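**Q** Taken in sequence, the protein lines are chains G and Y.
The first sequence begins at 6 in our numbering and counts up one residue at a time.
The second sequence begins at 6 in our numbering and counts up one residue at a time.
No lab work stands behind these hints: they were computed from the structure.
This structure is a prediction, so every number in the text was calculated from the model and none was measured.
The reader is advised that the hints may include incorrect statements.
Intra- or inter-copy, both count: the list cannot distinguish identical chains.
[Unchecked claim] In silico SDA-like links for lysine to any residue, alpha-carbon gap of 20 Å or less:
1) LYS454 with ALA202
2) LYS490 with PRO181
3) LYS339 with GLN459
4) LYS66 with GLN459
5) LYS224 with ARG35
6) LYS454 with GLU33
7) LYS47 with LEU19
8) LYS47 with GLU7
9) LYS337 with ARG189
10) LYS251 with LEU198
11) LYS343 with GLN386
There are 2 protein chains.
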Amino acid sequence: MEIMMEQAYVQSALGLMGWDLWGALPPEGRAFRGRASAHLAKLAHEQITGAEALRLRDQIKPRLEEDCFENEYERAGLRRFVKKVDEQTVLPIELQNELREVIQTGQMVWREALKRADFQMQLPYMERLFELEKRVAICKNPDQPVFETLTQEVDEGISVETIQRLFAQLQEGLAPLLRQVASRDEGVDESVLDFTAPKADMEAFARYVVERVGFDFSKGSMGEVLHPMCYGIGPKDVRITTNYAKGPIEAAMSLLHESGHGMYNYSSNEQALRYGLWGGVHGSMHESQSRYIENILGRSEAFWRFLYPQAQRRFDGLRGVSFERFYRAFSKVKIGVKRLEADELSYSLHPILRFEIEKAYFDGQLQVKDFEEVWNEKHRQLFGLTPKNAAEGILQDIHWTSGHIGYFHSYTLGNLIGGQILEAQLAQNPDFYAQVERGEFGEIIEYLKDNIWQYGQLYNAGQLVERVTGKELSAQPFLRYLTNKFAR
Amino acid sequence: MEIMMEQAYVQSALGLMGWDLWGALPPEGRAFRGRASAHLAKLAHEQITGAEALRLRDQIKPRLEEDCFENEYERAGLRRFVKKVDEQTVLPIELQNELREVIQTGQMVWREALKRADFQMQLPYMERLFELEKRVAICKNPDQPVFETLTQEVDEGISVETIQRLFAQLQEGLAPLLRQVASRDEGVDESVLDFTAPKADMEAFARYVVERVGFDFSKGSMGEVLHPMCYGIGPKDVRITTNYAKGPIEAAMSLLHESGHGMYNYSSNEQALRYGLWGGVHGSMHESQSRYIENILGRSEAFWRFLYPQAQRRFDGLRGVSFERFYRAFSKVKIGVKRLEADELSYSLHPILRFEIEKAYFDGQLQVKDFEEVWNEKHRQLFGLTPKNAAEGILQDIHWTSGHIGYFHSYTLGNLIGGQILEAQLAQNPDFYAQVERGEFGEIIEYLKDNIWQYGQLYNAGQLVERVTGKELSAQPFLRYLTNKFAR
Numbered sequence: 006m007e008i009m010m011e012q013a014y015v016q017s018a019l020g021l022m023g024w025d026l027w028g029a030l031p032p033e034g035r036a037f038r039g040r041a042s043a044h045l046a047k048l049a050h051e052q053i054t055g056a057e058a059l060r061l062r063d064q065i066k067p068r069l070e071e072d073c074f075e076n077e078y079e080r081a082g083l084r085r086f087v088k089k090v091d092e093q094t095v096l097p098i099e100l101q102n103e104l105r106e107v108i109q110t111g112q113m114v115w116r117e118a119l120k121r122a123d124f125q126m127q128l129p130y131m132e133r134l135f136e137l138e139k140r141v142a143i144c145k146n147p148d149q150p151v152f153e154t155l156t157q158e159v160d161e162g163i164s165v166e167t168i169q170r171l172f173a174q175l176q177e178g179l180a181p182l183l184r185q186v187a188s189r190d191e192g193v194d195e196s197v198l199d200f201t202a203p204k205a206d207m208e209a210f211a212r213y214v215v216e217r218v219g220f221d222f223s224k225g226s227m228g229e230v231l232h233p234m235c236y237g238i239g240p241k242d243v244r245i246t247t248n249y250a251k252g253p254i255e256a257a258m259s260l261l262h263e264s265g266h267g268m269y270n271y272s273s274n275e276q277a278l279r280y281g282l283w284g285g286v287h288g289s290m291h292e293s294q295s296r297y298i299e300n301i302l303g304r305s306e307a308f309w310r311f312l313y314p315q316a317q318r319r320f321d322g323l324r325g326v327s328f329e330r331f332y333r334a335f336s337k338v339k340i341g342v343k344r345l346e347a348d349e350l351s352y353s354l355h356p357i358l359r360f361e362i363e364k365a366y367f368d369g370q371l372q373v374k375d376f377e378e379v380w381n382e383k384h385r386q387l388f389g390l391t392p393k394n395a396a397e398g399i400l401q402d403i404h405w406t407s408g409h410i411g412y413f414h415s416y417t418l419g420n421l422i423g424g425q426i427l428e429a430q431l432a433q434n435p436d437f438y439a440q441v442e443r444g445e446f447g448e449i450i451e452y453l454k455d456n457i458w459q460y461g462q463l464y465n466a467g468q469l470v471e472r473v474t475g476k477e478l479s480a481q482p483f484l485r486y487l488t489n490k491f492a493r
Numbered sequence: 006m007e008i009m010m011e012q013a014y015v016q017s018a019l020g021l022m023g024w025d026l027w028g029a030l031p032p033e034g035r036a037f038r039g040r041a042s043a044h045l046a047k048l049a050h051e052q053i054t055g056a057e058a059l060r061l062r063d064q065i066k067p068r069l070e071e072d073c074f075e076n077e078y079e080r081a082g083l084r085r086f087v088k089k090v091d092e093q094t095v096l097p098i099e100l101q102n103e104l105r106e107v108i109q110t111g112q113m114v115w116r117e118a119l120k121r122a123d124f125q126m127q128l129p130y131m132e133r134l135f136e137l138e139k140r141v142a143i144c145k146n147p148d149q150p151v152f153e154t155l156t157q158e159v160d161e162g163i164s165v166e167t168i169q170r171l172f173a174q175l176q177e178g179l180a181p182l183l184r185q186v187a188s189r190d191e192g193v194d195e196s197v198l199d200f201t202a203p204k205a206d207m208e209a210f211a212r213y214v215v216e217r218v219g220f221d222f223s224k225g226s227m228g229e230v231l232h233p234m235c236y237g238i239g240p241k242d243v244r245i246t247t248n249y250a251k252g253p254i255e256a257a258m259s260l261l262h263e264s265g266h267g268m269y270n271y272s273s274n275e276q277a278l279r280y281g282l283w284g285g286v287h288g289s290m291h292e293s294q295s296r297y298i299e300n301i302l303g304r305s306e307a308f309w310r311f312l313y314p315q316a317q318r319r320f321d322g323l324r325g326v327s328f329e330r331f332y333r334a335f336s337k338v339k340i341g342v343k344r345l346e347a348d349e350l351s352y353s354l355h356p357i358l359r360f361e362i363e364k365a366y367f368d369g370q371l372q373v374k375d376f377e378e379v380w381n382e383k384h385r386q387l388f389g390l391t392p393k394n395a396a397e398g399i400l401q402d403i404h405w406t407s408g409h410i411g412y413f414h415s416y417t418l419g420n421l422i423g424g425q426i427l428e429a430q431l432a433q434n435p436d437f438y439a440q441v442e443r444g445e446f447g448e449i450i451e452y453l454k455d456n457i458w459q460y461g462q463l464y465n466a467g468q469l470v471e472r473v474t475g476k477e478l479s480a481q482p483f484l485r486y487l488t489n490k491f492a493r
């Protein structure tokens with residue numbers, strides 16, 4: 006556990022360096038920063054593949070299933086240790102360095118390729134990355150299909166087959182609902198959302214919203230970046246960010262989304278802290294919490310019944326706009342090409358498109374050079390419209406270029422998990438929406454903390470869902486939630 | 006050199022962690038951060054005291070004066086390496102840890118003691134720190150008086166005797182000038198400076214001022230903190246900060262001060278970068294550059310002839326205030342108790358007071374418990390007034406509590422060096438003030454870069470002054486500058 010704690014110290018420094026990259030790091034500081042972070046990564050690698058770590062791994066590994074642990078946290082902490090030693094000893098450091106270099110260069114090229122809407126420019130890096138990720142997966146587990154290894158890296162315990170089954174369920178229920186609502190919402194006037202305000206006022210509003218919901222600023226701080234995100238730097242140290250380009254309402258919603266990640270991240274209990282299991286289960290479980298806080302809670306009618314009068318007092322742009330006009334515009338369903346601009350109803354289909362492309366590639370049915378064409382064709386089938394160029398289509402996300410291959414499915418899976426958690430929470434607390442409308446979030450947040458957040462990484466996503474809901478993963482609760490919200 | 010580069014990578018991570026401490030780190034993140042940074046420090050310590058480093062040190066040390074180096078940068082870089090190995094091998098890690106812990110706790114207590122103006126509360130930590138610093142100095146150099154070791158840590162090559170001689174010169178010239186100007190300035194109306202503005206406008210103004218003078222935002226970024234400072238995180242990565250509590254003019258001047266540190270920090274030439282000598286000579290040389298940019302340049306009448314019309318356009322608070330009224334208020338000499346609020350003329354005496362107390366302590370003539378009394382008495386002698394409590398007196402600076410003992414003299418020494426550089430620069434560029442008044446700073450900044458900044462840590466402060474001015478350290482040029490500015 007001492008080794009894992011020291012690994013965490015170095016990871017914390019690397020996390021801070023990563024966070025700083027998007028904030029205060031000046032452009033000419035990047036080269037040195039790249040070398041400095043590679044050095045820290047090397048120090049951590051040397052420790053986790055050193056003689057001491059190997060000796061301990063060999064002692065612990067055969068006994069992981071025995072009844073010799075203080076508690077389940079200790080077992081989980083040591084399992085993590087064994088897994089890390091196993092992975093780091095089979096992954097050649099040269100492969101890791103090559104991967105990091107291709108990602109760093111590829112991301113810079115991506116910015117330019119996006120600007121020019123030029124997929125050909127990005128193609129060599131994307132090909133290289135898919136190839137490198139394949140090699141990484143084979144090193145980690147030569148006995149398992151590559152795509153299975155990659156998705157299970159993100160969502161341990163959830164198979165590709167399960168994901169496919171859930172996505173089929175979801176699509177079946179979603180298609181008619183989406184058609185119906187999108188055509189009905191066509192006439193809704195969105196212009197009422199088209200206003201801005203002095204940045205200090207937007208900041209104060211976003212801060213108020215997340216603090217009111219329950220984000221604790223003694224365990225996290227907020228900042229501004231181009232692309233909103235949440236960084237976990239230490240067990241009680243998260244950084245949530247937003248962006249003010251789309252006005253105060255969307256800025257607050259973005260920060261609320263990140264606060265979901267943030268609260269999950271910093272709420273691990275003492276045992277999870279002690280055994281290095283803090284921060285929450287990444288992948289779909291983490292996405293479920295940010296989307297729960299942003300969408301299920303923060304985009305509900307009850308939430309805005311509570312918040313709207315205050316937003317109106319703060320922002321001149323909302324004067325004279327009735328609650329009904331505001332909330333219809335705010336909740337408008339409108340099919341488009343961008344995942345990040347998608348409404349709550351059509352959103353889930355965007356990651357599915359990407360998941361299917363990844364799967365076809367690793368099944369050997371598709372080459373990277375054909376991604377753009379297949380993307381556009383799939384998009385037409387799913388949404389009835391085609392991106393007019395690569396910037397609107399294949400290049401819109403930085404994920405693949407950042408080496409996040411086999412990740413996209415977790416957004417949609419996170420939505421499904423959120424639907425299941427909502428039904429479980431409503432069963433236990435029928436007063437849920439009434440509390441939201443009164444601005445009382447204490448019981449709602451406590452529920453998430455008690456049932457999910459406190460456990461850190463003790464359970465995986467599948468286990469957690471079963472613990473909370475008593476049921477297996479399913480798309481039906483999320484479909485019921487969407488129908489309930491959007492059909493009326 | 007590879008070892009030193011790897012030391013620099015870890016130092017850069019520690020620097021970033023230190024910078025973050027004053028910025029985004031949330032309170033509950035501090036404990037983990039403390040352990041994480043102690044771990045990184047330990048990793049660096051293990052490397053620099055490891056077998057490989059010792060072997061290289063033993064090979065290089067006897068040959069440092071030989072003619073076997075590629076150039077002077079290589080020699081200086083290897084001298085730094087030898088010095089670092091020597092120091093780290095004689096300094097027990099327990100002593101370093103104890104020092105760090107006493108500093109961390111002491112700083113927290115200091116905040117409280119300052120609030121309560123209670124020297125007794127701070128006393129045990131201060132006693133402990135003076136004692137620990139003494140032990141550090143004895144470890145580093147048992148053959149030299151402790152105070153000499155501490156001051157030479159800050160200003161290598163400048164002896165305590167030299168400092169005393171220079172301070173005596175300065176005080177002799179300063180006393181009559183200060184009396185004369187302070188009594189004349191008593192009636193000057195400062196209230197014209199007493200205005201504020203929206204923060205975005207203050208930020209934009211401060212940014213404009215430093216960028217106009219020459220600060221390059223591709224090598225540095227700006228932020229806001231309680232106490233303005235400059236952090237060097239990498240060779241081309243500095244962070245300058247300011248604070249907006251005292252309105253836009255002082256916010257811009259603080260940022261300008263830090264930009265002097267910043268430009269010096271990031272302007273090392275290729276050889277200095279290659280041999281790990283970037284960042285500039287700390288102590289009085291660095292202080293001289295920040296004070297040169299803030300005071301000699303930025304508080305000159307010429308500078309405000311250039312800047313004032315723009316400040317007036319930006320800030321309503323200055324409408325209708327004539328240049329003469331503004332500049333007299335801005336340059337008012339007013340004797341007070343606080344170093345950080347002192348005017349340019351009386352400032353230099355504040356560090357001298359602290360230097361004398363330190364010297365008396367290490368000469369064995371004074372105990373820490375008597376510091377407050379001696380401080381107040383010396384203050385009365387120097388300025389004719391007595392601090393009304395410890396918050397106004399002995400507790401006003403965090404330096405001693407932060408382990409910076411033997412540092413204060415460098416502020417005043419920095420002023421003297423600035424005076425010498427000004428005379429040298431004026432001799433070469435008689436158009437200096439005319440350029441400033443036209444807002445042309447290119448030649449002025451190039452001079453500093455060519456003659457001082459580019460060399461990084463190749464020379465020490467004394468050597469650099471001689472190189473630039475052809476003369477030894479002296480208080481006379483600074484006195485001539487002050488007389489010229491304030492007597493009229």
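**Q** Up to 20 Å between alpha-carbons, please classify LYS47 paired with LEU19: within, between, both or neither.
**A** Both ways: LYS47 and LEU19 sit 11 Å apart in one copy and 17 Å across, limit 20 Å.
**Q** Quick one: LYS337 to ARG189, C-alpha cut-off 20 Å, is that within a copy, between copies, both, or neither?
**A** Close inside one copy (10 Å), not across copies (70 Å); limit 20 Å.
**Q** Treating 20 Å as the Cα threshold, decide for LYS251 and LEU198: within, between, both or neither.
**A** within (9 Å within a copy, 37 Å between copies)
**Q** Since the copies are identical, ignore which copy is meant and state whether LYS454 and GLU33 lie within 20 Å (CA to CA) inside a copy, between copies, both or neither.
**A** between (42 Å within a copy, 18 Å between copies)
**Q** Within a copy, between copies, both or neither: where do LYS454 and ALA202 come within 20 Å Cα-Cα?
**A** neither (34 Å within a copy, 43 Å between copies)
**Q** If the cut is 20 Å between Cα atoms, do LYS490 and PRO181 qualify within a copy, between copies, both or neither?
**A** Result: close within a single copy only, 15 Å intra versus 81 Å inter.
**Q** When no copy is specified for LYS66 and GLN459, does a C-alpha distance of 20 Å or less occur within a copy, between copies, both, or neither?
**A** neither (26 Å within a copy, 55 Å between copies)
**Q** Are the CA atoms of LYS339 and GLN459 at most 20 Å apart within a copy, between copies, both, or neither?
**A** neither (37 Å within a copy, 58 Å between copies)
**Q** When no copy is specified for LYS224 and ARG35, does a C-alpha distance of 20 Å or less occur within a copy, between copies, both, or neither?
**A** Cα proximity of LYS224 and ARG35: across copies only (10 Å, versus 28 Å in one copy).
**Q** For LYS343 vs GLN386, is the C-alpha pair at or below 20 Å within one copy, between two copies, both, or neither?
**A** Intra 15 Å, inter 73 Å, cutoff 20 Å: intra-copy only.
**Q** Since the copies are identical, ignore which copy is meant and state whether LYS47 and GLU7 lie within 20 Å (CA to CA) inside a copy, between copies, both or neither.
**A** both (18 Å within a copy, 14 Å between copies)
In summary, the numbered hints that this structure violates are 1, 3, 4.
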